[in-house]
Amino acid sequence: MINRQSAKLIVLLSACIAYSSLISVVLNSLDSAGEQPSAVWRWPIFVFGTITMVSLRMRLRQRGAIITAAAAIGIAMVGWLWIRSERSGQELVLSGFGVGFLMSRAINSDQWNHDWLQQLFWRGLGVLVAFVALGPVMTRGALEQPGLLQLFIIQALAFVAACLFAIMLDQSNQAELQTPPMLGWSSLFTLALVAIPLLLFGVADGQRSILGLIFGAFMDGLVLIAGGLAVALSWLVGWLIPSFKPNQRPPIEPSMPEAVDPSTLMPEETSQISSWLGDLLNIGVAIILIMMIAWLIYRVVHWLRDFETKPIAQGEVVIEQSIWSFDSLREQILERFRRKKPWKLDTNDPQVQKVRRIYTQFLELGEDHGQPRSKHQTAHEYGRGYAQQQPTNEPAIAELTAIYTQARYAEQLDAEAVARAEQALKTIQKQQP
Amino acid sequence: MKGRRAGLFVLVLLLIIGLLSDVTLLPLVAMLGIMALLAVELWEWRMFKHVDYQRELGHTHLFPDNRTTLSITLRNRKFLPLPFVNLHDLVPVGITLEQIETQPAASPNYRVLARAFGISSYQQVTRQYTILCPQRGLHRFGPANLSASDPLGLSISRATINEIDRLIVYPRLLTEPELGLPLRELLGTIRASQRLLTDPVVPIGIRDYTQSDPLKSIHWTATARRGQLQTRIYEPVTALTVMCILDIETIVPSYLGVNKFQGERLISMAATVCSALHKAGHAIGLWSNAALVEGNTAIQLPPNRSPKQASAILEVLAQMSLYSRLEIAKFIGREQSRLPLGATVLLISAVDTPAHRSALARLREYGYAPVWLYLGQHAPKVAGVKLIHSHQREP
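Going down the list, the protein sequences come from chains U and G. Read in order, the letters of the first sequence are residues 1 to 433 in full-length UniProt numbering. Read in order, the letters of the second sequence are residues 1 to 395 in full-length UniProt numbering.
Extracted from the complex, chain U is given alone in its bound form (with noise of 0.2 Å):
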């Protein structure tokens, strides 16, 4: 079952997935010469965070989590510009305290919160922007390279939508609630607000299929977590049994290939019959990988299912139903094109005519705001009731409602009461909550 603390593990783990892959795209904006350094430095750097995270998180408070993934940062990076001694790492350090930070930030449990999730997000947010519009310069252009941008985007905003998934989560976790609704469909929608931008960049620029994209950003991340498991294994192995060299066998040499008599050659027939061996092979394996893909969705789909369907509590009985009809939607949707019928005043008197209608303005906001009048309130009491719900706006209800009485039911109104009930009316609409 996902409570707070598998909320929170989600948002380090994603928050892990973001740094290394931030600091790999560092790296790799650096290092022009191998052809794929990153595979060398994102695993080591994927389980260093999460060590120091774990680590972190068992007693430490706020101010040491800080210094200690700053110094961890400072190490690695102190350790890399040691080894690659001809480039200046300023902006390695810069970016990867920045990151360090929030990520210590991310792991205080003690002021794990609502409000504080929240905050977390819009300065991550934050952080993001800013390191996008520093990013080119810092880097001097290398972050702009196509392939580096995909990752760091996808996993950048992985980060934000596991933020946005634990806000989620802590909201439906309070102690009070007990619930989680519409987990599922929270979880869609802050897949698709994240999705759409990227696949909408994806389309635009070319570079990649929308599934591979969308495939993309979940493997990368399994491949980090499988990658540093399978080198800690081989490591491990390495150590347990000394003769156990996985990676020492000798290079194959490659032999150079004799003459051949035409006459001993294969007919065309078995050459074709491999190919075809070939493709079927492919096919099978892409059927069954299509397979393991529809059953994990199904199992995912229906894991969902359950969650949100479970019984609530004891003593509670749950009934869900559908009021969908085609009329109340053909209803609502003509609504919305309908003329509204004027009102029937029943006086000649622009002045009334003005104050009612502001009246009705303000009865219009507190619908709006889930204040709606009922048909047996006076307008004495719905201003109580409204007033009390917002008790700054008291007084100038207080106004607008008399005004509007005396429009009403007396003869003669004041010469200024149009003004009085619209300068009440923008009252309450500027102090509106």
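Computed list of lysine to any residue pairs in SDA-like fashion (alpha-carbon distance at most 20 Å, straight line):
| # | chain 1 | residue 1 | chain 2 | residue 2 |
| --- | --- | --- | --- | --- |
| 1 | G | Lys381 | G | Ala355 |
| 2 | G | Lys260 | G | Pro64 |
| 3 | U | Lys375 | G | Ile164 |
| 4 | U | Lys375 | G | Ile161 |
| 5 | G | Lys49 | U | Arg336 |
| 6 | G | Lys49 | U | Ser322 |
| 7 | U | Lys430 | G | Trp45 |
| 8 | G | Lys78 | U | Arg330 |
| 9 | G | Lys49 | U | Arg330 |
Between beta-carbon pairs, the in silico distance windows are:
| # | chain 1 | residue 1 | chain 2 | residue 2 | range |
| --- | --- | --- | --- | --- | --- |
| 10 | U | Arg330 | G | Pro302 | 50 to 58 Å |
| 11 | U | Ile323 | G | Trp45 | 15 to 23 Å |
| 12 | G | Ala6 | U | Gln429 | 14 to 22 Å |
| 13 | U | Tyr409 | G | Glu365 | 51 to 59 Å |
| 14 | G | Arg4 | U | Thr378 | 34 to 42 Å |
| 15 | U | Thr378 | G | Val252 | 37 to 45 Å |
| 16 | G | Ala6 | U | Asp349 | 40 to 48 Å |
| 17 | G | Pro108 | U | Phe326 | 48 to 56 Å |
| 18 | U | Asp349 | G | Pro302 | 49 to 57 Å |
Residues from chain U that face chain G, not an exhaustive set, calculated with beta carbons under 10 Å:
| # | residue |
| --- | --- |
| 19 | Gln321 |
| 20 | Leu329 |
| 21 | His369 |
| 22 | Gln371 |
| 23 | Gln377 |
Derived from the structure by calculation, the hints contain no laboratory data. Just so you know, these numbers come straight off a predicted model, no measurement behind them. Glycine residues also receive a C-beta, built at the ideal position from the N, C-alpha and C atoms.
On the provided structure of chain U, position chain G as indicated by the hints.
Frame of chain U, contents of chain G only:
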């Protein structure tokens, strides 16, 4: 709101700058922010449109320790789903929601039922609870506060549903051991002094004919058997008119407070006696100096033997507070002229003051038959007033 609009403006500016300056990441991130803010605006605009909240009770009138259901329904009649709706509905402290935890409210008389809903397009979600009603009273449910947020939880809209639902829990009817006296003693033996009205359906015997007997009452078979005229004797129709006056004061003087146990026992005693008398076919009315929970009207139900009278009396007793509006002696003195002639006045009280005695004596002088059902510790003695004493020690 202002901050969000400013943020939207900045993001649009960043989007334009990004598009013009050929920095790919900037418009992407700006678009992400813009979409998030637009979604928030959309939800905030349409959040509570076509949304209904309904609270329904399985019964509106119950006896104590009975169970009923409380159903709360949230209905969304629009396309836009409401992923997070938090409901805070006020439930009275006098009732218990079985197996459901409630939270303290600002008012000590209420608890908060906090629930979360997630509603899709055109969907209604109903949640049912079993409630136990151990306490007498008028229990009010509501108002309810709804707060809903967009899927990202970045803005919250609130609405108040002012609808109030009422559940009336009648007073507990006492059993004979709780009553402390046999109910038959309370009703007594009632004899009609004159048989003005008789029930022609129920003959109870025969006697010799007298000249004043109507011819239709002659029992011809018995006449033939005995050889002289015999007349049927019918059961006399006798019904009392009883005005039950409940004195809610439990401590004298009243400003010292109330004894809750005695107060509830007084009300239960009145309910039991009135129900028994009504069941026996007597016209029963109720006066009291107690204040109602809602409203400040005097409790004056005139005597009636209609089937609705019993439930009307129980309903009034259920809504009664334990605080008196007026001393009972003054109340009787003021309202005495409205008493039906020849009625039996049954005063139920737990305190004994000279004012009580003088009020009963005055009633006796005016020709009424006062009966004092006294629930206090020491039984008083008042000449010419039938006294019934029933005391139960406070646990």
